[in-house]
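We have chain R already, so just place chain F on it with the hints.
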Amino acid sequence: MQKLSDGLILVVKRECATCTMIEPVMAILSKETTQLSVYSQDDSNFLESVENVIDDQSLEISFQLNIETVPTLIKVEGGKEIGRQIGWHKKEWQSLTGISSLGDELPDQRPGCGSKSVEPGVWEALSIRFGTTRFQSRQLELTSLEDDIEACFDRGWTDGLPVVPPTRERVLRMMQGTQRESEEVIGIIPPNYGKCTVEKAAINAVMAGCKPEYLPVVIAAIEAACLDAFCMHGLLATTYFSGPIVIVNGPVRRSINMNSGINALGQGNRANATIGRALQLVIRNVGGGKPGEVDRATLGNPGKFSFCFAEDEENSPWNSLADEYGYANNSSTVTLFAGHGLREIYDQISRTPESLVRSFAGCLKSITHPKICMAADAILVVSPEHANVFKEAGWSKNRLKQELKKLLTFKGSDIVRGTNGIEEGLPVEFADIPVIPKFKEDGLIIVHAGGSAGRFSAAISGWVASGPTGSQMVSKEILS
Amino acid sequence: MTVKTILLDPTSELKPATMARLPRPQTLKNKTIGLLDISKARGDVFLDALEKLLGSRNIFTKRYKKPTFARVIPTELAQTIATECDLVIEALAD
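First to last, the sequence lines map onto chains R and F. Each residue of the first sequence is one higher than the last, beginning at 9 in the working numbering. Each residue of the second sequence is one higher than the last, beginning at 2 in the working numbering.
The following block holds chain R by itself, in its conformation from the complex (with noise of 0.2 angstroms):
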């Protein structure tokens, strides 16, 4: 901005009551004081008794003064501020202007009224007009008869719903949800290898419908998907139905008020649904993975859409997904997982965890396809009922892990290629293995969530193409 000029800086407005009652002070100030400058945020009239009132109704100066509340007075010497007063307070008035009966007749003090500049939405319009941000990404310039949801789709940006316009002044307020400089590269985006800026987070952010607090979980979601082991790469190209499963825990998942609870899975939570529709644009908008072209899905799942849970912490019996990482309690982190849709396990009799790991088992036999092993990972999602059941009965999750682990074999020569009538199977040479797991190693993960009413847990199955040579499942600690 400008070099101040020496002496006083009043600024104000006319619907602020303690405004008006000064001014007999800006009077005073304005006959006593020859650089007085005394600027109005929304009526330059209103001082009958002051000359010379500044139209700041642009805001310019307030926003350059960095100015919150109005009544705000500054003493200006040698082109420096070198005092603030805010609101009335008589005697540190009488104090920075030198006259010691300024204001006599007054009240010792009154607060001040918000500055106009800060209202709700206008810092950000401010800070693209008079201030310094500027962004990387081209601009580009609607006329007034375009509708800028029309223009969103016309462009190629959305998943098939509208996404919110990312105008400059949106994704400034993203962009305060993260310490990180706008220009960061967060990763590669695959399949074109577009570059992730932080900014380009922010934009994908804004469109998904995201708030500024969930842009750091947004951006470790986007880390997670960049590292090799994801093979977000394959992810996106392949025929099955598979997309990026988000897993948040940690404190986050209250501060931004995450659902873990009823309809974990479900719609109508905005952290959840936003999230992970924020990692789909980015990996269709940075990225260039479009359905039809390098991704090939067959049918796909409606999880492509946004597919992004919390656990259940607080009520689980068990230690959380990113316990069993290693992360610190007070760590939040995303777990990305690559899979799709629900195997629902219906269980309402049982009431032993011998019976109920048996449910269990059966219906997680038939992931993937009933006479395949060793392809699909699963994430086995338990609800409070049903973990109930295995907290009274004093089971661990990893007690729970290896009683599924036995009852999850199959003999080789029921599942190979052609028994029960069925081609598809394991390759003929298993049929001598006489037990053969249904996961690989490691390959089932168990967490909390769901309402505390209903018997009912459900399988996310992975996608085929699991283990080092497809995707693994991968963390990030979230970061500010």
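List time: in silico DSS-like cross-link candidates among lysine-lysine, alpha-carbon distance up to 30 angstroms:
#1 F:5 with R:219
#2 F:67 with R:298
#3 R:419 with F:41
To be clear about the criterion: a stretch of chain F counts as covered by chain R if any three or more of its residues have a C-beta under 8 angstroms from a C-beta of chain R, and this derived list gives those stretches:
#4 6-14
#5 68-78
Keep in mind that the hints were calculated from the coordinates and are not lab data. Just so you know, these numbers come straight off a predicted model, no measurement behind them. Glycine included, each C-beta is placed from N, C-alpha and C at the ideal position.
For chain F alone, kept in the frame of chain R given last:
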């Protein structure tokens, strides 16, 4: 017409690189054809049949295999094929 809204581009703003295709060979005589299996089910069946067919016409073929269909081809393998073959046939999908 006045500008109403300014939107920021959510894409990578990359320009697609286009490469001209090599001209189609007039003949397969004295050419080496690479047969690339990407490790998808039954890709070998397709390539076995092609190998037999090309062999019956005295056309030289070489077999290659990607370690996994889930990941992009290793650079070294792509370079090997490019060095050793004039053409390549990839058994791409299921």
